[in-house]
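Asker: One letter stands for each residue in the lines below.
Protein chains: 6
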Amino acid sequence: MYRDVIRGVYPGRFQPIHWGHIEVIKWALEKVEELIIVIGSAQESHTIINPFTAGERIVMIKAALKDANIDLDRVYIVPVPDILLNAVWVNYVALYVPKFRYGIARNPLVIRLFKEAGYEVLIPPPYDRAMYSSTRIRRYMLEGNDEWKKLVPPSVVMIIDEIKGLERLREVSGRD
Amino acid sequence: MYRDVIRGVYPGRFQPIHWGHIEVIKWALEKVEELIIVIGSAQESHTIINPFTAGERIVMIKAALKDANIDLDRVYIVPVPDILLNAVWVNYVALYVPKFRYGIARNPLVIRLFKEAGYEVLIPPPYDRAMYSSTRIRRYMLEGNDEWKKLVPPSVVMIIDEIKGLERLREVSGRD
Amino acid sequence: MYRDVIRGVYPGRFQPIHWGHIEVIKWALEKVEELIIVIGSAQESHTIINPFTAGERIVMIKAALKDANIDLDRVYIVPVPDILLNAVWVNYVALYVPKFRYGIARNPLVIRLFKEAGYEVLIPPPYDRAMYSSTRIRRYMLEGNDEWKKLVPPSVVMIIDEIKGLERLREVSGRD
Amino acid sequence: MYRDVIRGVYPGRFQPIHWGHIEVIKWALEKVEELIIVIGSAQESHTIINPFTAGERIVMIKAALKDANIDLDRVYIVPVPDILLNAVWVNYVALYVPKFRYGIARNPLVIRLFKEAGYEVLIPPPYDRAMYSSTRIRRYMLEGNDEWKKLVPPSVVMIIDEIKGLERLREVSGRD
Amino acid sequence: MYRDVIRGVYPGRFQPIHWGHIEVIKWALEKVEELIIVIGSAQESHTIINPFTAGERIVMIKAALKDANIDLDRVYIVPVPDILLNAVWVNYVALYVPKFRYGIARNPLVIRLFKEAGYEVLIPPPYDRAMYSSTRIRRYMLEGNDEWKKLVPPSVVMIIDEIKGLERLREVSGRD
Amino acid sequence: MYRDVIRGVYPGRFQPIHWGHIEVIKWALEKVEELIIVIGSAQESHTIINPFTAGERIVMIKAALKDANIDLDRVYIVPVPDILLNAVWVNYVALYVPKFRYGIARNPLVIRLFKEAGYEVLIPPPYDRAMYSSTRIRRYMLEGNDEWKKLVPPSVVMIIDEIKGLERLREVSGRD
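Protein chains in written order, with this note's numbering: chain H, 1 to 176; chain Y, 1 to 176; chain S, 1 to 176; chain W, 1 to 176; chain G, 1 to 176; chain B, 1 to 176.
Treat the hints as calculated values from the structure; they're not laboratory data.
Incorrect hints may appear among the rest.
List of simulated lysine-lysine pairs, DSS-like, C-alpha gap at most 25 Å [to be verified]:
1) G:K99 with H:K115
2) H:K99 with Y:K149
3) S:K31 with S:K66
4) Y:K66 with Y:K150
5) Y:K66 with Y:K164
6) Y:K99 with H:K149
7) S:K99 with B:K115
8) W:K66 with W:K26
9) W:K66 with S:K99
10) B:K115 with W:K164
11) G:K99 with B:K66
12) Y:K99 with W:K115
13) B:K149 with G:K99
14) H:K99 with Y:K164
15) G:K66 with B:K66
I would like the entire structure built from these sequences, with the hints used as guidance.
Answerer: Next up, the structure:
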């Protein structure tokens, strides 16, 4: 019931979640019974790199999964603050999440850290990163370019609108 | 969609979750649209007071909610590590969870902290605390008294059994 | 102007400041040109031992000094959070305060730490500690015994009244 | 006496305090009864960006206020270390300072954080920032350009001279 | 040369090291090629429980090993500060020390943590703990009972004498 | 035996140790009776700047000293994590190491911090830094240029080979 379930951990900052993430999540759910989405740098917010709080990211991810018709019952969404100790990071994540077998990552450092900690790694196929990228989305937002709205699920657009996310991003990037 | 949902935050350590907690959760779900269960002292584990990791507690809470036929779609389960700054604690929790209107608590300090931070507080009716108490459950476990199994939902018994929770509790309380 | 001024550091938690502290401050101001009152455990509040925030303690101390006709221009009031490294604590305090020559303390550990860090120590004469003690004051407050009002300067009574300090102390000591 | 006083919080790093800061302080003291000058990044020192300790900055600010004939009795100077949690920062500052009504800032992020935390914000008129800027002052110091002495109150020049501030700045910016 | 050496980690606080520890170290050196003595709670000092600094403990341990004719070339002495995350502690220790195969411990919690982290555990035979115990040694010291000198290697007596350890212990346990 | 030994502290990150470091160590051992090599940023690993763990660095330093026929009995190797408080850093190091008289450094900031903390400083003669530099070594490693092997003692080459250090460096510098 607990130990035998095959789970994978998919870490990211999700600032914000976009269709590229959704593709990875769908792909992962074909490989594992349950997927744990780890919201990294959970303590960060109100910066250009990390504009949204962990709480806002939880809501966006949940809504995005619904937009994509993903079975929420097979997904955990867990915020994890930074520990700033690379060699211990995977063990630290393991403390916050249900027992898992796979790390899910394409970033070479993250892959390495999962492997050094004794986990198997699932490497998802690359999505179109020139297109789908949180960095790019935040740049579009700052530039007032509405193209970003095509890159994220519709509920994410609505939530960012409700919390006045563009205004926030502009202000946190501002100087007096 | 996001800002207008009426949410409440119910913090606890859930070491482990028991029927008393479930009663509070059911009561709260009659008052709010969505309930955020905050797993406090998330960084703690392997002590007599906090034997289970945040990840294990997430799984137990989810399973317990299912045992009790609670609609998981209306519930968030969010682990939050300690900050050790009482005056800031509610704001710190707010960073990790979706926007909420109510704190849900009976503990006078917790009630006060929610109020000082500007939140309304819902005080659930008292459940039978002489009976349902995590402290008591852990004491039963240490004494080898199976009465504890009646105090928690059946899935929690199974999970604690799978992770050899009694053995762990005995060992973390031991001395060489 | 800066380096040649003879200063002393008087650390305490001041939960709350009482006439015994005032006596030490007056005594110290006869020995040094400027006195630095360090509010220790500045990050703590809302506990039985540390009910008041650093900000509230700053205001109480300032008001108490005025009640006692102490020349505020010769006094610094500086909150310093805990560092939890005894061997480094004095150097850590030194980072937060103007350059000083003397530590002012009666507690043997504090005296020792000042000396090990290379500072001279001024040991104030004992005031009546059976009478003047923050612990005793907080106990009186909890018991509803108005005797505590005689032990602190009148402005401190007024401020504690304004911030509903007794109610807070009662609540932080409560259990649900 | 405590709660009804109208106070404003003016945060900065004051590395070092200059005439531009003094203008803001004078302006603020026309709007509020008491002004709280918060020395941010209080734990930092001996870097190019933050050469002076919190204790040195306290002394410089106090001396600068005297140079400018500002009533010290209406001013609090409070060092606050970084917390690295933007979403909680204002509440964290509030723990260290007397109760206040206004944040005083021109930086868009700081304005936003005060507002999100429920405070009103007073935006001071811009002083000549091309001229008065701590960054510029530190650059002049490093270049050996005495122009910086015109940008800060005379006592600040004297204190920096006494603590051999230019030598320190040169050394912390050096490499072996 | 590095990976193939069979190493064991022996954690303790060594406040101070005594003949019981020496016995364990000798026993362990028969089982492993290299022994890593981890000085836990390295950041602590000047308390009744942890009177000596990490640096002092390093010197005492090295001297004690020499007293006991132990081959220092086969031993590492590594101070490790607390992390306050039980579930991650072994991985955290692993970051500070050379690659190792065995944990060496009798304490059930420590044994469990090593095992959960995937290490084998060597359990040394019990030494006479009623006799050899750092707690007992510190109590003797506080009581002025010279019996403690028989419980530690002679160099440890000399070092504690040189650093005026008894005086320190008395002062850190004192109250004003 | 303890207090009268003349010791020096030589801090560095040793990522990795090279012949330039060895020269400094030899030079220092002519000036002091015992040398304490402090491994700074001990908590860091798996980054481009700090690829190796503290444990790995301990082993490399010990092996390098043997390669250079340095008397290990006169040397301590002590990992110290960052404290991020420049003004306290030397006192913090002092907590982790045996009592010492000299700081050993060429970096102007480090020299200054030792002096401000009341220590004398020994400034080693410059070695050929255009040649011997950990930054350069790591760059060579990343570029696949075997020149780095001439810059470090042979045991360090072997250890980096055993732990697949080049692969790690490449991966931690990679992006997905």
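Asker: Give a verdict on every hint.
Answerer: Against the structure, the hints:
1. G:K99 with H:K115: holds (16 Å)
2. H:K99 with Y:K149: holds (23 Å)
3. S:K31 with S:K66: Status holds; Cα separation ~20 Å.
4. Y:K66 with Y:K150: holds (17 Å)
5. Y:K66 with Y:K164: Holds, at roughly 22 Å.
6. Y:K99 with H:K149: Given pair K99 of chain Y, K149 of chain H holds - Cα atoms ~23 Å apart, limit 25 Å.
7. S:K99 with B:K115: holds (16 Å)
8. W:K66 with W:K26: holds (12 Å)
9. W:K66 with S:K99: holds (19 Å)
10. B:K115 with W:K164: Holds, at roughly 14 Å.
11. G:K99 with B:K66: holds (19 Å)
12. Y:K99 with W:K115: holds (16 Å)
13. B:K149 with G:K99: holds (23 Å)
14. H:K99 with Y:K164: OK: K99 of chain H and K164 of chain Y at ~14 Å, within 25 Å.
15. G:K66 with B:K66: Given pair K66 of chain G, K66 of chain B holds - Cα atoms ~20 Å apart, limit 25 Å.
In summary, this structure violates none of the numbered hints.
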